[in-house]
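Student: Chain by chain, the residues:
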Amino acid sequence: MNLLLEIGAEEIPDWMLAGALEYLGTAVGDLLKAHQLGDASIRTDATPRRLVVRAEGVIAQQPDSEERVWGPARTAPPAAIGGFAKKQGLDPDQLEILSDGKAEKYSCIRKTAGRAASAILAASLPELVLKTPFPKSMYWTVKGGPRFIRPIRWIVALLDDTVIPFQIAGIPAGNQSSGHRKLGAARFPVTYENYEQKLRENFVILSASEREARIRAVPTKYKCDNDLLQTLVNLTEWPTPITGTFDPEFLDLPKEVLTTVMRHHQKYFSVETPDGNLAPQFVAVTNTDGDPEGLIRHGNERVLRARFNDARFFWETDQKRKLTDRVRDLANVMFQAQLGSYLEKTRRLVSLVDELGHDRHAARAALLCKADLTTELVKEFTELQGVIGGLYASAQGEPEEVALAIYDHYKPESMEDSIPRTHAGQLLSIADKLDTLRGCFRVGLIPSGSKDPFALRRAAQGIVKILVEGKLRLPIQSLSEGSLQLEEFLAERIRHYFREIRGFKYDEVNAVLAKGWNDLVDVEERLEAVRAVRPTEDFEPLASSFKRIRNILKQAQFEGTGDSLNEQLLELGPESELYEKFMATREAWRLMSGHRAKLEQIASLRPHVDRFFDKILVNAPNPVVRQNRLTLLHAMLAEFSTIADFSEIVTNSPEIKGQTE
Amino acid sequence: MSETPTFQEIVFRLKQYWSDRGCIVQEPFDVEVGAGTSCPETFLRALGPKPYRTAYVQPSRRPADGRYGDNPNRLYKHMQLQVLLKPTPADVIEQYMGSLEAIGIDLRKHDLKLEEDNWENPSLGAWGVGWQVMLDGLEITQFTYFQQCGGIDLELVPAEITYGLERLTAFLQGVDSVYDIEWTRGVKYRDVRYADELQYSVYNFELADISTLWKLFEIHEAEARRLLDLYKDYSDKHRFPLLAAYDHVLKCSNLFNTLDARGAISVTERVGVIGRIRKQAVGVAEAWVDATTQEHAA
Numbered sequence: 001m002n003l004l005l006e007i008g009a010e011e012i013p014d015w016m017l018a019g020a021l022e023y024l025g026t027a028v029g030d031l032l033k034a035h036q037l038g039d040a041s042i043r044t045d046a047t048p049r050r051l052v053v054r055a056e057g058v059i060a061q062q063p064d065s066e067e068r069v070w071g072p073a074r075t076a077p078p079a080a081i082g083g084f085a086k087k088q089g090l091d092p093d094q095l096e097i098l099s100d101g102k103a104e105k106y107s108c109i110r111k112t113a114g115r116a117a118s119a120i121l122a123a124s125l126p127e128l129v130l131k132t133p134f135p136k137s138m139y140w141t142v143k144g145g146p147r148f149i150r151p152i153r154w155i156v157a158l159l160d161d162t163v164i165p166f167q168i169a170g171i172p173a174g175n176q177s178s179g180h181r182k183l184g185a186a187r188f189p190v191t192y193e194n195y196e197q198k199l200r201e202n203f204v205i206l207s208a209s210e211r212e213a214r215i216r217a218v219p220t221k222y223k224c225d226n227d228l229l230q231t232l233v234n235l236t237e238w239p240t241p242i243t244g245t246f247d248p249e250f251l252d253l254p255k256e257v258l259t260t261v262m263r264h265h266q267k268y269f270s271v272e273t274p275d276g277n278l279a280p281q282f283v284a285v286t287n288t289d290g291d292p293e294g295l296i297r298h299g300n301e302r303v304l305r306a307r308f309n310d311a312r313f314f315w316e317t318d319q320k321r322k323l324t325d326r327v328r329d330l331a332n333v334m335f336q337a338q339l340g341s342y343l344e345k346t347r348r349l350v351s352l353v354d355e356l357g358h359d360r361h362a363a364r365a366a367l368l369c370k371a372d373l374t375t376e377l378v379k380e381f382t383e384l385q386g387v388i389g390g391l392y393a394s395a396q397g398e399p400e401e402v403a404l405a406i407y408d409h410y411k412p413e414s415m416e417d418s419i420p421r422t423h424a425g426q427l428l429s430i431a432d433k434l435d436t437l438r439g440c441f442r443v444g445l446i447p448s449g450s451k452d453p454f455a456l457r458r459a460a461q462g463i464v465k466i467l468v469e470g471k472l473r474l475p476i477q478s479l480s481e482g483s484l485q486l487e488e489f490l491a492e493r494i495r496h497y498f499r500e501i502r503g504f505k506y507d508e509v510n511a512v513l514a515k516g517w518n519d520l521v522d523v524e525e526r527l528e529a530v531r532a533v534r535p536t537e538d539f540e541p542l543a544s545s546f547k548r549i550r551n552i553l554k555q556a557q558f559e560g561t562g563d564s565l566n567e568q569l570l571e572l573g574p575e576s577e578l579y580e581k582f583m584a585t586r587e588a589w590r591l592m593s594g595h596r597a598k599l600e601q602i603a604s605l606r607p608h609v610d611r612f613f614d615k616i617l618v619n620a621p622n623p624v625v626r627q628n629r630l631t632l633l634h635a636m637l638a639e640f641s642t643i644a645d646f647s648e649i650v651t652n653s654p655e656i657k658g659q660t661e
Numbered sequence: 001m002s003e004t005p006t007f008q009e010i011v012f013r014l015k016q017y018w019s020d021r022g023c024i025v026q027e028p029f030d031v032e033v034g035a036g037t038s039c040p041e042t043f044l045r046a047l048g049p050k051p052y053r054t055a056y057v058q059p060s061r062r063p064a065d066g067r068y069g070d071n072p073n074r075l076y077k078h079m080q081l082q083v084l085l086k087p088t089p090a091d092v093i094e095q096y097m098g099s100l101e102a103i104g105i106d107l108r109k110h111d112l113k114l115e116e117d118n119w120e121n122p123s124l125g126a127w128g129v130g131w132q133v134m135l136d137g138l139e140i141t142q143f144t145y146f147q148q149c150g151g152i153d154l155e156l157v158p159a160e161i162t163y164g165l166e167r168l169t170a171f172l173q174g175v176d177s178v179y180d181i182e183w184t185r186g187v188k189y190r191d192v193r194y195a196d197e198l199q200y201s202v203y204n205f206e207l208a209d210i211s212t213l214w215k216l217f218e219i220h221e222a223e224a225r226r227l228l229d230l231y232k233d234y235s236d237k238h239r240f241p242l243l244a245a246y247d248h249v250l251k252c253s254n255l256f257n258t259l260d261a262r263g264a265i266s267v268t269e270r271v272g273v274i275g276r277i278r279k280q281a282v283g284v285a286e287a288w289v290d291a292t293t294q295e296h297a298a
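Sequence lines, in order, name chains A and B.
Just so it is clear: in the first sequence, position 562 is 562 by the numbering used here, and no numbers are missing.
Just so it is clear: in the second sequence, position 174 is 174 by the numbering used here, and no numbers are missing.
In isolation and in its complexed conformation, chain B is listed as follows (with noise of 0.2 Å):
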């Protein structure tokens, strides 16, 4: 390796090795999302008998994390590279290794633990059992296996693999803060994105407002609602916009994490609240398995 690379060549070459075995290379997804197993990407694909195999690069909102731009290594959104292998292929963890030193880590030269992390996402009635990778101490990557989606044990099990792209870039440039790491050559990740974090925490902990959060939340529970009522007696199932109702279930998700943050949700309205994503999120699911069922069987 000659030169460091920048954190979009990283972004090149995971996408470029992905995409070498097969993946197919998606843009992020134009809903805000918590993380890339949210987008439909992951979890409505998991679902149903189909291989498929995608790589993309996805923002990742979390709101109670933001610092203002202040914290040299948490931010409110973070960019996580999602690959979704499915089936999970026998060589996964030697592929991903591969990946690692396709951006330029010898692991030879490094101390690689896979530490077990089994991931769970209750609001989407998701879960997985896996690792948290360590690379010399520093948690780089979430490597699952799905084993339910919305409720439904999955077909065929699917590997996810999740990158911390600025951890990564930060671990590869040898610097502290990731407002130092070198997006491309002569612009720093500070020059990018510093107001983002900056804003959306003042946003997040001190201006949003949270009865219209609040409204905000139900109109999107409401619509997804409706239109999976809707769906029951639909004739022509492929037709139905089951991911315009699952865009809706994401609002709400969202819209739960900036209230938390916002400090407007109790120890047990949060089990109620992250209920009624659930449902919305497993209606979607159920449908989305019928629909695809029938496809296949026409």
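Just chain A, same shape as in the assembly (with noise of 0.2 Å):
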């Protein structure tokens, strides 16, 4: 049998479909398997109005189960074993005497005849459908009633032809589907087979690749945004692209500006020229077979219109105060209440530029950067803050390397987001977030759990994420000021940085870090060398190695005595070996540059490593000779362990044999 469940809702927001789908899919799978009612194949779909579930395949009826039942023991009184009987529906002749392994006992067979499909899903689907997991619910009839992501108005739940009878919020599953909200009928009945032409019928196009196929077709080549597109195909039923125009004198404001208005705002695409400029035309998607009477572009025009002359407005307003002029102004907006305003943070974030490296564009864009704030078009555009300095800084006549500095600052906003582009604009960007990371730890304003107000977190992995990036060589740990809460702060951000983002193993990470992390340009290339070297054969055996010599150098309380080794002590043979070998790749190190060389220089020392523990006891009974050895094993690890700490690294070999401590 086909099962067909519709829950008809009221506009459910379009970045929520997916992830109700991906739940009611499975969750309706796993009921079916779990009760025996087949492995079907389970298909949904989404429009805004109504979350679709099909599984084809579904068995009619569970199969029937037999059970045997144990009963009072043979010895038992007859009351007992009629009760028994009883409860079982027979006779006490019709039982059987058998033994369950341990004694004799009477028992039957239990038969429970198969539920039908139809009845399981109607006990089962309304907990299930209200399970549904969204970001934010609510409840719409009275306090304490079921909760959805918006109202249920209506669910079509078939079995073939036949109805699932069961309820949700008070409303019965039928075989009424509904259209779109204008174009189709209210009301109309479906059956499995023709579902999806009904809809259609009603203006309804359930596929989403065939709605985002209808959009893809408007003629107008228009500059496509994924995310936008995704939007649109889950805003629309029946989506219908159109495309408008606006004035080229617009096209006088700088592009950022009108394609935040066209993109954030209005849900539009915008068009480019074919010489990658912003052409003066716009593709808005309808939610409607079309426009004959250019009545909706007319409107999408106007709205657009009035948004633009808004800009305009803003923007002329904006020039008639310069930047230089409005950073006084900085001393009316509030940064943070205990660290000050914007005209405060300002003077930090000079100095601060200057401690960093003396760039005098740098300099020059962070007495400027925050000027924008002040400006009409970035109280209207929040999101454009930065951008619109760094465009108000061009056509001020600062030189380019300023304005792009100030343009970008606010970069990387993300993590998928790219880092300033220049060398002033990654200092200003380090300078602004290290002022407000250290002024919020200063006064005690530090993340906890998911509260995060000042997008500290972010404003971190920022930093973390230019200093690699960007190559560049700033000592990372000394720009906490000694807070060690920050430090530690700092520190949790770059091993998500490397884990996270980067795709380090974690115990690679930790090793590496457990060795400094002051210069994380370092950190980088000592984290590819250890992934580089790790396949090889020798590396994880030599790491359990290292592991080892650190948790005997523990037992042992040893911490180095400053006593040079005495060769003369050493025995002949493989702890001879060893310390030639040593002495040889310390050698080899000082000549080598690359951290991956190295690495897979003391990865030869493997062999000899092995043999040491195999045939020598650290643990002499010469208090001078033990001595000796952990002096040897002391300084092999103090030499070896300055790329990665590779007692740090997780291995699966086991630790060698041999000499227990």
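Don't read these hints as lab results, they were simulated from the structure.
Ideal Cβ placement from N, Cα and C applies to all residues, glycine included.
Just so you know, not all the hints are guaranteed correct.
Claimed, not checked - Derived pair list, reagent style SDA-like, types lysine to any residue, alpha-carbon separation capped at 25 Å:
#: 1; chain 1: B; residue 1: Lys109; chain 2: A; residue 2: Glu212
#: 2; chain 1: A; residue 1: Lys105; chain 2: A; residue 2: Ala76
#: 3; chain 1: A; residue 1: Lys131; chain 2: B; residue 2: Trp127
#: 4; chain 1: B; residue 1: Lys237; chain 2: B; residue 2: Ile152
#: 5; chain 1: A; residue 1: Lys451; chain 2: B; residue 2: Ile265
#: 6; chain 1: A; residue 1: Lys322; chain 2: A; residue 2: Val350
#: 7; chain 1: A; residue 1: Lys143; chain 2: B; residue 2: Thr54
#: 8; chain 1: A; residue 1: Lys143; chain 2: A; residue 2: Ile171
#: 9; chain 1: A; residue 1: Lys136; chain 2: B; residue 2: Pro87
#: 10; chain 1: A; residue 1: Lys598; chain 2: A; residue 2: Glu469
#: 11; chain 1: A; residue 1: Lys320; chain 2: B; residue 2: Asn73
#: 12; chain 1: B; residue 1: Lys15; chain 2: B; residue 2: Asp191
#: 13; chain 1: A; residue 1: Lys451; chain 2: B; residue 2: Asn121
#: 14; chain 1: A; residue 1: Lys322; chain 2: B; residue 2: Asp65
#: 15; chain 1: A; residue 1: Lys267; chain 2: B; residue 2: Lys109
Stated by the list, open to error - According to the in silico footprint, chain B covers these stretches of chain A (three or more CB under 8 Å from chain B):
#: 16; region: 281 to 295
#: 17; region: 299 to 307
With the hints as a guide, dock the two chains, each given alone in a separate frame, to form the complex.
Tutor: If you want it as structure tokens, here you go:
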């Protein structure tokens, strides 16, 4: 049989459809399997007003099942036996006597008739549907009533052509679906077979990929932004793209402003000319079957015109006062009550940029970078802070390096975002984020759990990304101004960056960071080296040996005596050979520059280390010999652990057997 | 539709439309508010188990949005048509769409979308989920299912429909500036409202005395608090002037908005001041629920 489940709701937020479908598809499939109703093939679809699950090949009836039931022991009084038989609906002489392996007992086979799929689904679907996880749900009837993302208004639940009888939030399941709000019928009957066709007749395209194809089919060549495209696919049941135009005079405004208005405020695609400039056109996606009179186009053009006019008005007003003159107005813009105004922040930025690297463009940019906060355009389009400042700087004759540094100084805004393009921009961005971090940590505004109102994690993450990807050799530990909390916060972001963003294994990151992380460019190089050498056969066993060395030293509470090693005390054979190999490797290291070559070099120590542990008792009875051996191990560990602390590497190879400590 | 409706005709038709659907048509509330939601007709009536339906126009003051009458789309004081349907009828969106048809919008020829937009007013401890209604790319209505008012889960979920009357009229009349809206035949919006926009912008941005506003804020806050303190031991609850206490909360809210427009409130202070208003609003809401419950029991 085939199952059709359609939850009809009021408009579900576009970005929540995918998650809901994923849950529903899995949950329905699992339900069918759990009740032996078959391994049906599941298909899910959604429009803003419906979540749909279809399952093909549902078994109509669970198979009957048999189960052996054990009753009282053979020796039980007749009353007990009679009671058992009665409970099973049998006469006592219909019972069998069998051994359950321990004793002889009365017993029988109980047959359970399989339940109909329809009954099982009717019993389970309401709870299953209401359990759909949504980021923010609501109730719409009375307090304590059912919760869903938006009110449920109809339900179609069919097994082939028969309605599955249940209700959710007082809405009985039926065979009546609903069409497009304006173009379709409010209610019409469907069957499993004609469902998609009936929807189509009522101006609902169920398939998201078909809706996407309709949006893509517009003759105007627009700039495809996949996130926006998906939003529009999930906002429409019958998408029809239309192309509108705007007055080319608006093209005098910065492209960034125009595209932000179109993309973020109006959900329009912008259009480019063949040479990559912005064309005075846009593509809007309507939820209709067309716009024969051009009314919708006209309306959208009018809205866009009003928005562009606003932007132009702001742009022109803002130009009347230069950024240089606006800096002093920042005294009236509060950065944070305990950390003062943006004017105070600006002063700190200027000196911080100077501290980080004497770059006159960065210094100039630091002075001007926050001035755009006083402009009308930024008040209107806050997401363009920085960008607007950069554009104004450029229009006001500041050097290009200064303008670019201002333009980029909020970057990276996410881990996917790129870092500032110029050195000055990178310095400024680091200074800006660092100032926020230092200030907030100083006054105790430290993120805890999910609470991070000043986005300090993102700021710290941004610094790490810029240092690594911009190859800036700035000492990050000293940036934390002696605050151990901030230092640990930065360390956590460094670990996060290398693990989650760069995909290094957690033990590699621990091993490398254990040997210092003040220079992140160096950290990255060391990590690359460890990653490169790790698959070689000698590496992990060697790491195990290093771990063992560390344990031995720890147990012996040996921290180095300062005395040098006495070569005379070395036992000829594995011990002296290890020593010689150690000295040779150390010498080779002196001449090498790359971390990777060095690691390969020490990997070659492995057979010597193995043999040493195999044959030599560190814990020698003679305390002088013991001391000497510990000194050797200690020297090796210290010498070769500068790239990474290998004892942090998690290995599968067992520690070398032999000696027990 | 023979002739494009004027501003006031749109108001008449919407009021008539909702009156036909069982709404009590109220007149604007007489204490300054930032939105129709803040009026007791919505904020307090949403509380408790009693069904209620109302519609009213509410002039809404947003000091920071003033533009000296220069900006064609932004106003210090705009008009909202506020509809509260408690409980929410199952066909509420169809009813809403009907109201657009009633003012002359043929929805078959236009593009209507409901885009997620959750509403929240932290200073009233109120929030809900819903949409902004987009008509041909223009936001014309805010639609909200209330979930909490004054920090209290609502017994019956109301739907709140808030129309932006100037925008809607500009759309219908095809004008680019709200000041060109025809209020009634031969009279433009500019003729009626320009002076308000100019003078209040000057006041809010230039002449309002910050220390006086703070004093007023504290006076109203103290009076609201004093009343709420008296409520606990007041024997005859249904006589108790909670509505008067609420007026003082609304005064605080408007003073806060004016101070904010004046640039007198920093980012961190903001949270604290909002908390102070919220505290009184929650106090009123809780007492209101208490008083109405006792009334029901009696």
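Student: The structure should be examined with respect to each hint, and the outcome stated for every one.
Tutor: Going down the list of hints, with the structure as the test:
Restraint check for lysine 109 of chain B and glutamate 212 of chain A: the C-alpha separation of about 22 Å stays at or below 25 Å, so the hint holds. Restraint check for lysine 105 of chain A and alanine 76 of chain A: the C-alpha separation of about 9 Å stays at or below 25 Å, so the hint holds. Restraint check for lysine 131 of chain A and tryptophan 127 of chain B: satisfied, since their Cα atoms lie roughly 23 Å apart, inside the 25 Å limit. Taken as a hint, the lysine 237 of chain B and isoleucine 152 of chain B pair is honoured in the structure, with Cα atoms around 19 Å apart against an allowance of 25 Å.
Restraint check: the Cα-Cα separation between lysine 451 of chain A and isoleucine 265 of chain B comes to about 23 Å, which is no more than 25 Å; the hinted pair holds. About 19 Å separates the Cα atoms of lysine 322 of chain A and valine 350 of chain A, which keeps this hinted pair within 25 Å; it holds. Annotation: proposed proximity of lysine 143 of chain A to threonine 54 of chain B holds, straight-line Cα distance about 21 Å (limit 25 Å). A distance of roughly 17 Å separates the Cα atoms of lysine 143 of chain A and isoleucine 171 of chain A; the hinted pair therefore holds under the 25 Å criterion.
A hinted pair counts as satisfied when its Cα atoms are at most 25 Å apart, and lysine 136 of chain A with proline 87 of chain B qualifies at roughly 21 Å. A hinted pair counts as satisfied when its Cα atoms are at most 25 Å apart, and lysine 598 of chain A with glutamate 469 of chain A qualifies at roughly 24 Å. Between lysine 320 of chain A and asparagine 73 of chain B the alpha-carbon distance is near 22 Å, which keeps this suggested pair within the 25 Å criterion. Proposed proximity of lysine 15 of chain B and aspartate 191 of chain B is supported: the alpha carbons are some 24 Å apart, at most 25 Å.
Using a Cα cut-off of 25 Å, the hinted pair lysine 451 of chain A and asparagine 121 of chain B holds, with the two alpha carbons roughly 20 Å apart. Proximity of lysine 322 of chain A to aspartate 65 of chain B is assessed by CA-CA distance (about 24 Å); at most 25 Å being required, the pair is judged to hold. For a cut-off of 25 Å, the pair hint linking lysine 267 of chain A to lysine 109 of chain B stands: about 20 Å separates their Cα positions. Counting residues of the region 281 to 295 of chain A whose beta carbon lies closer than 8 Å to any beta carbon of chain B gives 7, which meets the minimum of three for the stated coverage.
Only residues whose beta carbon comes within less than 8 Å of a beta carbon in chain B count, and the region 299 to 307 of chain A has 7; three or more means the coverage holds.
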